[in-house]
Structure formats: structure tokens, C-alpha cells
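Start from chain A and add chain B according to the hints.
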Amino acid sequence: MSPPLIELTDLSFGYPNHPVFSQVNLHLNEGERLALVGGNGSGKSTLLQLIVGLQSATEGSISAFGQACREEKDFRPVRAKVGLLFQDSDDQLFCPSVLEDVAFGPLNLGKTEQQAREIAESTLQRLGLEQFAHRITHKLSGGEKRLVALATVLAMEPQVLLLDEPTNGLDEDAEQRLIALLESLPQAMILVSHDRRLIERLATRAVLMQNNTLVDAVMHSHPHQHTHSHLHIHVAKNEVAHQHDKGVPDHADHHLQD
Amino acid sequence: MNRLFQLSQQPPQWLSQSDPRLRVILALLLALVTVNLSGLAILGFLLISALSLALSAGIPFSHLLKRLLAFEGFMLLVLLFVPFSIAGDSILQLGPFAASEQGLERAITIVLRANTVVIGLLALLGTMEPEVLGHSLAKLKLPEKLVHLFLLTIRYIGVLYDEYQRLRQAMRARAFVAGSNRHSWRSFGWLIGMLLVRSLQRSQRILGAMKCRGFHGQFYLLDNQRWQNRDSIFLTVAVTLLAIPLTLDTLL
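Those protein sequences? They're chains A and B, same order as listed.
Under the working numbering, the letters of the first sequence match residues 1 to 258, in that order.
Under the working numbering, the letters of the second sequence match residues 1001 to 1252, in that order.
Think of the hints as simulated: they come from the structure by calculation, not from any bench.
Note that this is a predicted model, so its numbers are computed, not measured.
By construction, the Cβ of each residue, glycine as well, lies at the ideal position given by its N, Cα and C atoms.
It cannot be assumed that every hint is accurate.
[Stated by the list, open to error] Heads up, simulated PhoX-like pairs for lysine-lysine below, C-alpha to C-alpha not over 20 Å straight-line:
id : chain 1 : residue 1 : chain 2 : residue 2
1  : B       : 1145      : B       : 1211
2  : A       : 111       : A       : 81
3  : A       : 73        : B       : 1211
4  : A       : 81        : B       : 1211
5  : B       : 1211      : A       : 111
[What the hints assert, rightly or not] Partial chain A-side listing against chain B, Cβ under 7 Å, derived:
id : residue
6  : 79
7  : 103
8  : 105
9  : 107
10 : 108
One chain only, chain A, in its complex shape:
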């Protein structure tokens, strides 16, 4: 078996007098989609930032693709292979046009303008976003921004994706589209999310941030049946004539696709 893509050993992070987490061990193997769950402020996003060296750990070691990473120059090559999708896409999209934003990564990796343009165009096409190429980034909707941000990450052809609350703030349609896209990607992933639907569809393994450290979690689902009364709202004067056609309303009548 090949060595893990990313390995964190006894990692600690915190501010003086305020430890965030300590003794965190984590490994991500090829083909895995690891869900990282835990409460607000437990340091999940920070952990992702530590992996790409945007913050530095107080203790412990990080190794990526078999190389130990200690300082800024060790992390630079890692960032080309590990794509981080930010929680707020406005942070990630800073170029005037979508095409320029997607081409920014490839250009930094030393591609020529022509090559970068082609990579950007083909990445957008792969995600079904080709019609956005010449749009101005700040005029996109929230869902469009998230998809374009994903395109900017994928244009660098990363081997690992770190997703920070990828479905946060998206509506039903945008969320479904994003999940379907992520499902089709071959990359190993770490996903930080509270979205059970996302985790259920994507994750192959889960870890839980609890009591300031990371513990392995068991993912399982059990089918269950339940009955309950539910609120029904209709125009007031129809009350007398009101009748349910079906004896029992469909589950989907009052639930989203849970």
C-alpha cells in the first residue's frame, strides 16, 4: 500500500492560554473522502489551513506526499497539489473576470498565457460553466461563485481537495449540482461540513473533533419509520370543503429529500 497522501502527527494548534486542539493524528489515503465533523469553533477550518501552511501549528508534524512540511517553502509545492475550497467564495475569487480567475493558478504554475487560457476554458467546460467565462466575478450568484471557485481549484489539477463547508449558503438546486460534481471527481478529499446529506453522499470515512482532539468516528445509517402529525396550511375559507385526497400524505409532501 502506498504511503498516505497527507499525514498529520500529534498536531497541536492554539493561541497562548487558549489551546484550540492538541494531539491530532490524521491520515488521508488515495481515493478516500474523509468527513471532518465537529462543533463550531472546534478548529476544523484551521486544520485545513494548517495542511496547506496558511497557519502554523504550535506542535507536531505535517507530511504531504511523503515530504515533511515545516516552513513556507516546504508548503509551496504542496499548495499546487492540494486544492482548498474556501468557505466564502468572495475570498477566493479576486480577479476581474471568471476566466482570469480560473487561469490564475495555472499561470502561477508557469504555464504560458495561451496554455492557461486553454486549461481555464476546458476546466469551465468540464463543470458546465463555459457560459460564465467572460462574466465579471462579483456579479455571479452565490451558487455560481461556489462552482467557479471550485473550477479555480480544479484548474491546478490537484490530487487532494480540502473542502471547507462546500454547501454552506447554497440553495437546494446549487447544492445538488455541487454534490453531483464533487461525486464525479476522482480526487481524495477532506470535507468539513455540517451537511448530513453531503456527508452521506460523499464520505467514505469520518473523523470527529471532540474535546479538543480528533477521534475516529463510525458512520452508519439505520432505516427508521415514524409517524407524526404535520402542519398543513391552506386558504381559510376552504376549510369546509377541505379534504385530503390520499389518506396519508407522501413523506415528500412535508420533507425535503432527507
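Chain B only, in chain A's frame:
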């Protein structure tokens, strides 16, 4: 948000199909010619030309008026004070202060020049996407740092404005009414302080996002601006037209 920047939703074809650099150059030339003219009749004529250019560029008159309003207040001050500050043949005496004919003429010249330049800029530059303007400035070899500062400002001014709106609404939701009292001033101080803190945090996150994509101090711009023969012809015609008032002004 976009209405903050762009005046005309649909500029006419001759404008939208021309190279944006042409419009930047024309705006610059118009401004240079205008400030070098001194004959009132010629300046007036140029002002009318600038106005018709703005209207033919598809700017609704009401929008134009709204934009000009802020600026005309300043012009009013010029009209009021300049006549009194230049010595010459007195036309009006107010106590120890005298307004001179030469001063009045100077004031009118300033008002005409300034209006022509502003309306010309609105017509030529106000009708293009600010991002496009940034790209053409870069192609005209303006310092790269200035261009990127401009483009990043355009990109994030809306995000910051939204943040401001959210904070302001949160204040209003808790029955805050601005007044001229200590509480109001302190609250506004917090609002501004909070905006600064959030902007700083955002800028750090943006830098993080840039680093993640291999940023090493170099920005890149990709655009599709192509200078065409049509643009050269247009420029030649415009230069010829602009030369006419300039020659007339020196001859008369």
C-alpha cells in the same frame, strides 16, 4: 450594486464595439483640449457637444443629472467666490469685497471647462464596465500596481458595501436612530471599527487564497481587447475635430 459604477446599461454599437483604449485616449484628449481653451463661446460649444455625446452614448438624462448634482454644488462655490478673489474692473460691491468682471469671466470659464470634462468622462468612461477600464489602463502601460489596486477596489467595494449594509441593518433592527449625540457617534465609531477589522480579516483570507493558488507577487490579466482599423479611423477623425476648437481659440 452595479448601478454605483455603470451609467448606461446598453451603450450604442459604435461605443461598445470600439476598443476601450480608444475611449480612454479620447477622454484624455478631450480633457487636455478643454483645459487649454479660453474663449467662452468655444467652450460653450464644446460643452454642448459633450452633452450630446453623453446622450447619444445612451446615458439617461436623469442619471446624468443625478451624477452632476454632487459636482455642481462645488461649481456653485466657484461661481460665488472666484469673482471676488480676482482683481479687475469692479461690477459689484459688497462691503469691503468687490467682484470683478475678469473674475466673473474666469469663474464661468472654470465652470464650463469642468462640466465639459466631467460630462465627457461620464460619456466615454462611465459607459464601460470598470473591469474593462482597468484592463485598458493596463494595456496603455499604466503602472501595474495602480491598475491592480483599481481592479481589487472594484472587486471588493461591493463586498464591503454589503458588509456595511448588514451591520447598519443590524443597528436599525435594534431601534438605532442616528442623532447628534454621544451614543450615535460612539455607535458609528464601532461600525467603522468593525468594518476595518472585517476588511483586514478578509484581506488576510484573500491573501491565503492567493497563496493556495501559487501566488508569488505576479498578477496576470487576460483580455480580448484588439485595436482595429476602425479604431484608428475613429481616432483620426476625433483628433481632427478636436483640433478645430483649439485652432479657432488661438486665432480669435
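Against the structure, the hints:
no.: 1; hint: B:1145 - B:1211; verdict: 18 Å, holds
no.: 2; hint: A:111 - A:81; verdict: 15 Å, holds
no.: 3; hint: A:73 - B:1211; verdict: 12 Å, holds
no.: 4; hint: A:81 - B:1211; verdict: 13 Å, holds
no.: 5; hint: B:1211 - A:111; verdict: 17 Å, holds
no.: 6; hint: 79; verdict: 5 Å, holds
no.: 7; hint: 103; verdict: 6 Å, holds
no.: 8; hint: 105; verdict: 4 Å, holds
no.: 9; hint: 107; verdict: 5 Å, holds
no.: 10; hint: 108; verdict: 3 Å, holds
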